[in-house]
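Engineer: Given chain A's structure and the hints, the job is docking chain B onto it.
Protein chains: 2
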Amino acid sequence: MNNLQEVCQRAKDASYKLALLGNEDKNKMLLAIAEKIENSKEIIKKENAIDIANAQGVLSNAMIDRLTMTDARINLMAEGVRQVASLEDPVGKVVNTWTTPNGLEFKKVRAPLGVIAVIYESRPNVTIDVASLCIKSGNCVILKGGKEAINSNRALFNIIQKALEENGYDKDIVGFVDDVSRETTYELLQQSKYIDVIIPRGSENLKKFILTNSQIPVIASSGGNCHVYVEKTADLKMAEDIVYNAKMQRPSTCNACEQLLVDKDIAEEFLPKMIARLQENNCKVLGCENTRKIVPSVIAATEEDYKTEKNDYILTIYVVNDYKEAIDRINANSTKHSEAIISNNQSIIDTFNKMVDSGCVYTNTSTRFTDGFEFGFGAEIGISTQKLHARGPLGLEQLTSEKYLVKGQGQVRK
Amino acid sequence: MNNLQEVCQRAKDASYKLALLGNEDKNKMLLAIAEKIENSKEIIKKENAIDIANAQGVLSNAMIDRLTMTDARINLMAEGVRQVASLEDPVGKVVNTWTTPNGLEFKKVRAPLGVIAVIYESRPNVTIDVASLCIKSGNCVILKGGKEAINSNRALFNIIQKALEENGYDKDIVGFVDDVSRETTYELLQQSKYIDVIIPRGSENLKKFILTNSQIPVIASSGGNCHVYVEKTADLKMAEDIVYNAKMQRPSTCNACEQLLVDKDIAEEFLPKMIARLQENNCKVLGCENTRKIVPSVIAATEEDYKTEKNDYILTIYVVNDYKEAIDRINANSTKHSEAIISNNQSIIDTFNKMVDSGCVYTNTSTRFTDGFEFGFGAEIGISTQKLHARGPLGLEQLTSEKYLVKGQGQVRK
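Here the protein sequences line up with chains A and B, keeping their order. FYI, numbering that gives the first Met the number 0 numbers position 87 of the first sequence as 86, with every residue one higher than the one before it. FYI, numbering that gives the first Met the number 0 numbers position 404 of the second sequence as 403, with every residue one higher than the one before it.
Looking at chain A on its own, in the form it has when it is part of the complex (with noise of 0.2 Å):
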């Protein structure tokens, strides 16, 4: 047994002694972690300067100020770890009872997944995250960083495991991969023995990686190609403060609007406002041939713009017949992340929320709000645009599993 499969199985192993805890205790190690952390500033502002110190002339100014930990970001990432205690503990929670004909009493009730391993790059702050929302839900996390913040992950790690110790809790709640090879990462992929879902976050590439080479369950998650649709019935105000809002408010998010229809009907009297403000304001606006015959300015969009999330100040414009050339297309090129449609039409509202086949369907508002606090879940671990166990924001309940507990009085089976 090598040093990985020993990590591995050292979490399989806390991870049962972890299912018996209760919030109190879970909240004790997350308390511990928050103080260590606002107590810990200079050691891992110090091994943070070594990561920022290789990032030179590697990585981009933008990358290595994410990479940057001040003492106002440590502050920020205890607080985080405070933010996830103070949330509702989901493990234990009972979804549905109900007695059979038989006497046989059964419990659905909500458990921990077992051990996570998360695969992520850059930010470090992200380890702290990531092991906070996992002990939370009751899951034993496996850690595998990036190389560009191996030091500062280090130096959290190394936090984590001294909080949960001094604390009297099993340390190997919380593992490390020491070691940022693609080959390690692959042979995580293979522990299918001890680690029950991997969850990626990081670059396409990495999903990719992940998801061709895992034995392992994978709870993924695309970027986001989001769509908002203006029926012909809508509020033409409304819409065009909903687009502006989904567009530009933070273009470089996965759940940012990308691709803009509209119901010929309206087009004529919509676009020329809209595409004026867009442009203002430095968004450019590619379209259809219809959209260009009503705004020339507009640039010729290519079969690939309709696909493709850019996550910048663009937006891609078609003009459709009616709703169904508008739920066709989304389904042919969303990426199932979150689409809108403003309208005042209800019966084609039920037939969007019905037809369109992505994690979050929103009715006159903005697609900016597939966000972990914004449905109220708190912190996230990622959006999930599968299909299978969870889709859309990944809180503390998407982190656990069911499981059936039945009460018998001596039944047997005819």
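No wet-lab data here; the hints were simulated from the structure. One should not assume that every hint holds.
If chains are identical, the list can't say which one is meant, so a pair holds when it fits in one copy or spans any two.
Unchecked claim - Straight-line alpha carbon distances no greater than 27 Å define the calculated DSS-like cross-link-like pairs of lysine-lysine that follow:
#1 292 to 306
#2 323 to 306
#3 231 to 406
#4 207 to 192
#5 106 to 92
#6 413 to 107
#7 206 to 192
#8 192 to 309
#9 92 to 107
#10 27 to 323
#11 283 to 146
Structural biologist: Showing chain B alone in chain A's frame:
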């Protein structure tokens, strides 16, 4: 685009329209299928006869019997479809609703998974069972059966499509892969553009091939190496009856007991009677050193025996020091399917429920109850032993996903 991709794409297109249909339409489809099955006995038996002829000298008599369609079995198949129609429709069910302070109204609802591909072996009735469960849960399905039943499966598939078409429904709601090669299974597993979920039903060999090669999420089940643990406070007569039922009532099933754990304090009282009753009824009993000290006729068990599902009249016994050892052994050796504790100590029962990492955990009753009908779910498509998405019997609800519908009045993100 080849024929397989065409089948998959047509199912995908049909799936969006199927998502619009309510319970009434789905039941109409199912009742039409049931009727057509009953009216097609001759053609089913004719095609089935080809499979049976091909199986002579190739398959065992037991296997040929499983393959054979009689009038009675055809009627049962139709009856099964009507039972599925009578179950509650899971689609559209509201799981949860809440409103956030900014006035957004959240609704979490059950939605179909989309397109499910079911890859199965042997018995042709699986074609009908699976198709009816998928239709009722609003999913399109692509069926790929084994070569032994290809003619029967094709006949049943044609009956389904005709029943759909004659009643004005899209026949592509159910697709069929009319090619039994492993290469085609491999190709099917790559169609992530069209297929949302893969469900394997068949040998461990088939499941392993699917888990290794699928680019699509899989709902998998392993077999059941199920444990019954007799804790020292147990009612020993109750324990004896439960163990006897769990082992002997139908040992070929995945929920039958394979492993008996007994507290050392009660082993001398409990084991002689238990073992005598099993042996008198032709059950082979294997056991640890301590078991054999108490009952010398017991055969020595190997380490492998404790980890193996035998699906036969064979029980393996191990004497444990206490509940902690019992739980550790279960978590080390079980397949996470179904485990039972027989006890009158509530604190130990609670610990067992929390720590035993299986989908179904029983107190004072038999593991044989892990079954869709016994749970009150009605027909099931399998028993899941993984932790993501669903554990235990996979009924209609487990064939759906959840999505969030969010209603606003023009809210934008600040």
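Engineer: Run every hint past the structure and note whether it holds.
Structural biologist: Taking the hints in turn, this is what the structure says about them:
In this assembly of identical chains, the alpha carbons of residue 292 and residue 306 lie at most 27 Å apart only when taken from the same copy (22 Å versus 71 Å across copies). In the homo-oligomer, the alpha carbons of residue 323 and residue 306 lie at most 27 Å apart inside one protomer (18 Å), although the nearest pairing across protomers, at 55 Å, exceeds that limit. Taking identical chains as interchangeable, the C-alpha atoms of residue 231 and residue 406 lie at most 27 Å apart only when they sit on different chains, with a minimum of 18 Å there against 56 Å within one chain. For the identical chains of this complex, residue 207 and residue 192 are neighbours both inside a copy (22 Å) and across copies (15 Å), given an alpha-carbon limit of 27 Å.
For a Cα distance limit of 27 Å, the shortest separation of residue 106 from residue 92 qualifies both inside one copy, at 10 Å, and across copies, at 20 Å. Taking the shortest alpha-carbon separations for residue 413 and residue 107, only the intra-copy value of 24 Å comes in at or below 27 Å, while the best inter-copy value is 39 Å. In this assembly of identical chains, the alpha carbons of residue 206 and residue 192 lie at most 27 Å apart whether taken from the same copy (21 Å) or from different copies (17 Å). For a Cα distance limit of 27 Å, the shortest separation of residue 192 from residue 309 across copies, 21 Å, qualifies, whereas the shortest one inside one copy, 39 Å, does not.
Proximity of residue 92 to residue 107 under the C-alpha cut-off of 27 Å is found in both arrangements, the shortest distances being 9 Å within a copy and 18 Å between copies. In this homomeric assembly, residue 27 and residue 323 come within 27 Å of each other (Cα to Cα) only across copies, at 25 Å, whereas the closest approach inside a single copy is 53 Å. In this homomeric assembly, residue 283 and residue 146 never come within 27 Å of each other (Cα to Cα): the closest approach is 35 Å inside a single copy and 56 Å across copies.
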